[in-house]
Every structure is written in C-alpha cells, then in structure tokens.
Amino acid sequence: MLKNTLTIFTKEFMSYFRTPTAYIIIAVYLVLSMFATFYSSNFFMNNNIGLTSFFTYQPEILIILIPALTMKLWSDERRSGTIEFILTQPISYTSIILGKFLAAFAFGCLLLVLTLPFDLYVSALISLDSTMILSAYLGTILSIMFLTAIGCMISAFNTNSVLAYLFSVFMGWILISINFDFLLQPWMNLSENLSVKLTQSLNFYHHYQDMIMGEPGLDNLMYFCTLSVLALWINRIAIDYKKQ
Amino acid sequence: MIVAKNLSKNFNGIKALDSLSFCLNKGDVVALLGPNGAGKTTLLRILTGYLSPSSGDVEIYGHDPIKERVAVLSKIGYVPENAPLYPEMSTYEFLRFSAKLRNISPEILSQKIFSVIDNLQLYSVLNQRIETLSKGYKHRVALASALMHSPKILILDEPTEGLDPNQKFEMHKFIKNYSQQSIIIISTHILEEVEASANRILLLNKGKLIRDTTPQELKLSGSNYDIASAFRSMTGGSDNA
Chain B
1 MLKNTLTIFT
11 KEFMSYFRTP
21 TAYIIIAVYL
31 VLSMFATFYS
41 SNFFMNNNIG
51 LTSFFTYQPE
61 ILIILIPALT
71 MKLWSDERRS
81 GTIEFILTQP
91 ISYTSIILGK
101 FLAAFAFGCL
111 LLVLTLPFDL
121 YVSALISLDS
131 TMILSAYLGT
141 ILSIMFLTAI
151 GCMISAFNTN
161 SVLAYLFSVF
171 MGWILISINF
181 DFLLQPWMNL
191 SENLSVKLTQ
201 SLNFYHHYQD
211 MIMGEPGLDN
221 LMYFCTLSVL
231 ALWINRIAID
241 YKKQ
Chain H
1001 MIVAKNLSKN
1011 FNGIKALDSL
1021 SFCLNKGDVV
1031 ALLGPNGAGK
1041 TTLLRILTGY
1051 LSPSSGDVEI
1061 YGHDPIKERV
1071 AVLSKIGYVP
1081 ENAPLYPEMS
1091 TYEFLRFSAK
1101 LRNISPEILS
1111 QKIFSVIDNL
1121 QLYSVLNQRI
1131 ETLSKGYKHR
1141 VALASALMHS
1151 PKILILDEPT
1161 EGLDPNQKFE
1171 MHKFIKNYSQ
1181 QSIIIISTHI
1191 LEEVEASANR
1201 ILLLNKGKLI
1211 RDTTPQELKL
1221 SGSNYDIASA
1231 FRSMTGGSDN
1241 A
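Heads up: the sequence lines are chains B and H, in that order.
Residue numbering for the first sequence is 1 to 244, as defined by the numbering used here.
Residue numbering for the second sequence is 1001 to 1241, as defined by the numbering used here.
It is worth saying that the hints were derived from the structure and are not from the lab.
As a list, the in silico PhoX-like pairs of lysine-lysine whose alpha-carbon atoms are at most 20 Å apart:
1) H:K1005 - H:K1015
2) H:K1208 - H:K1005
3) B:K242 - H:K1067
4) H:K1208 - H:K1015
5) H:K1112 - B:K3
6) H:K1005 - H:K1067
7) B:K243 - H:K1067
8) H:K1206 - H:K1015
9) H:K1015 - B:K242
10) H:K1015 - B:K243
Just need the whole structure built from these sequences, with the hints factored in.
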C-alpha cells in the first residue's frame, strides 16, 4: 500500500510544478505572511521571541491558499474522466486518497519551510525561544494537515474546481471561526465548567493558540488529527458513494 | 473466466441493466452491441468494479469485483470511453505512472514500458505532452497503459470512436492478435467493428440481454442477411433499409 501511495503522491506533487500554480501560491503565501507579520501584527512593537506576529495570522492565510492546492485533486479527475482510469487501477482507494492528501499536505509544509530564512533573519536581531517556535511550527503544520483534509473532502464531492475552492474556503472559515457555545447552551445549566471545557476543546483557535504560545498538549494533537481523519474518511465515503 | 448472474443496475429508479446473465471464456472476443443507452458502458463499469451492481453477482476468475477489486483489476486492462488521460503528462511519464500503479517490479519496469511502446508504435510521441496528441495517439497511449501488465481480460469501451480508417484497421488487427491469450470485451455500436473483430456478440437493448450469439448467426437472423438489418429489427429500429 505504501508503494502505491508513494506513486500517487509523486504524481500529484509533481503536477503542482507543471503549471505556474505552484509558484504563484508560493509567492502569494510569502507576500501575505510577511505583510501580516510586519504590518498587521506590528512586528517591531511586540515581544517576538516566539515569532508570534508571524504565526498569529497563519490560519487566515492558509484558509485562502490550502484550498487552491486541494481544489483540483478530485474535482479535476471527475471533470476530465480520469477518475475512471485511476479508480480502475489495482490499488486500494485508501492509497489513492492518502497519496493525494499527502501531496497537498507536503506542498503546504513546503510553504512553511520557505519561511525559515525569515526565522534566521529575526534570530540575528533578537534572541528567539526555540521551544516556542518549534511548537508554533508544529501547530501550523497541524493546521495545514487539517485544512488539507477538509479541502480533499470538499473536492471529492465536486466536479467543478472553482466551486470546490469556494466551498473549501467557506468550510475552513466556518470551522476555524465558529464558537461552539450555541451547541452547548442546553448543557450550560448542568455544568458550566464542563461546557466551557467542551467549547474550548472544539474551538480551533484554542488549540492553535496553545501551540503558538509554546504550550502544546496531547489534546491539541488529538483535535487536529481526529478532524483530519474524519475528513479523509468522509472523502472515502464520497468516492464509494459515486459507485452506487 | 467471467460469470455474471442476474446482473441489474438501477440509477434513481431507472433500470440501466436488467437481469443479465452470461459466461465468457478465454479466446472470446465479445462485442457488446447495442444502441445508445443500452447499458454497455454500465456493464463494463460493473465488470471493472467502478460501479457496484444493484443486484446480481459477477465473478472474474473467481473474484468479486467489488469485494476483491484489487485482485480483479490486476487481471484487467481497461480503456474507458474517450480514453481519459492526464493531459499535463508526457506519454512516457504517463506510461511509467501506469506501470508503477500496476506494481510491475523495478527490474522489468523499463522493459515492460518499452515493450508496449514498441507494440503500439509510440516512439515518435514519447516525450510529447498528452494534451498535444491526436485522438488516435491518445487511444494508443491509453491502450498501451491497459496492456502494461499483459492482462487476462482486455475491456475496450468504444475503442475506435473518432479514429480514421487506417487507425481503425490497426486497432482491429491488434485485437485479433491479442485475443489468443485473453478475453476481450469491446463495447460498440459500430457494426463494422463487430464483423472485423468479434467472435461473439452480446446484444443489449434497454438494459436487457436480448441475444448471446455469434456474428454469423446474427447475420442469418437479419432480413438482408447482414448484422445491420438484424440489429435494427432486434433493437426496435426500422428494418426497411
């Protein structure tokens, strides 16, 4: 299975670089990230030992860019008919789904790798807290994984890649910005403490903030991994559903 | 060996296939013949596990295409209608990708790729992007990909659609040569193709198998002793031609 996943991964990852898309996404990401860091977050006015100014706006930037990586993964296969080719190869659906997901995830991680020179630049100016930065990078990688899985799932339900992009941005925005208070309102009376904990455990920013503040926990890891696996599982259901 | 028993497929209450039963053996070159909408492509998609049947069973060399799809697909070479390919890849890249998906070992990978390139005369377009190829070449590339692992079953959906007469002739010649070692299923509504390639006909109409016969027998049942008149009379077309 691993070999087949790698074959799909390589094909999808390389396909980003066959068109200018990859370079445009890289350029837009770097410009937006630097703009958010130096302009919106007042980089020079804040204490940035953990590069908080850089990491604070990463989810908003990734919400816009990750769907551009995932939008075509399934929708283009459906539109062009190549889905019939790929799904009639002697490899498991899991290999195909994982290969596509990992290709987009790896590209998302590549974006992050390209910001390392910025870290080096800042480290020459101020003393950085490496533990805090590592934790923040891990949080951002987990966010990329989460948004990639959501994007793959949405793409699997669409034949139009523009619609897949728009739905993915919308879905990402909903999942990141929503506060689950309203869902837990009925249980507030039973136990306020429990309700607050539940609300926090379902909230994206609560987990992301923990990580960029250098306080990663197993609950943060579980949150991102569980939702990503759930999205990929729904992706699988979408593929199976089309067989009916 | 392919065995189908009472195979049916419904799409939103519409019967695309209605209780089909047949058995195909090695050496059979089967033409799935029928008018548009007869259920030919649906049947091929069920045989390849791309669609699941609503009811009934299929066995391909003892395996179920849905429950054991990897085992089944490793025996099948399938060229879907319009030969869908990845346009951004070159011919060689696509064939290499196909070979890897077919789990061909690295030691013989290049040998296998160049063997199909040689058989289908693809040398001249090896480094050309697929999107720039003519329809005939695209068909050949798709066929080369399907033949990569020397499948026991070759399934071709409308294989000569859009090809010029020379390319059609080459395709028929290829089918004849390959039929000795495998089962070939060709979905078509082009009658000349049936005469040129098939030794067995499954005639479908409105999802039903209305005739399991040979080209010779079908000819005899037509008013003009040809396949065209037999086809028209059996599928509800006018027989006054």
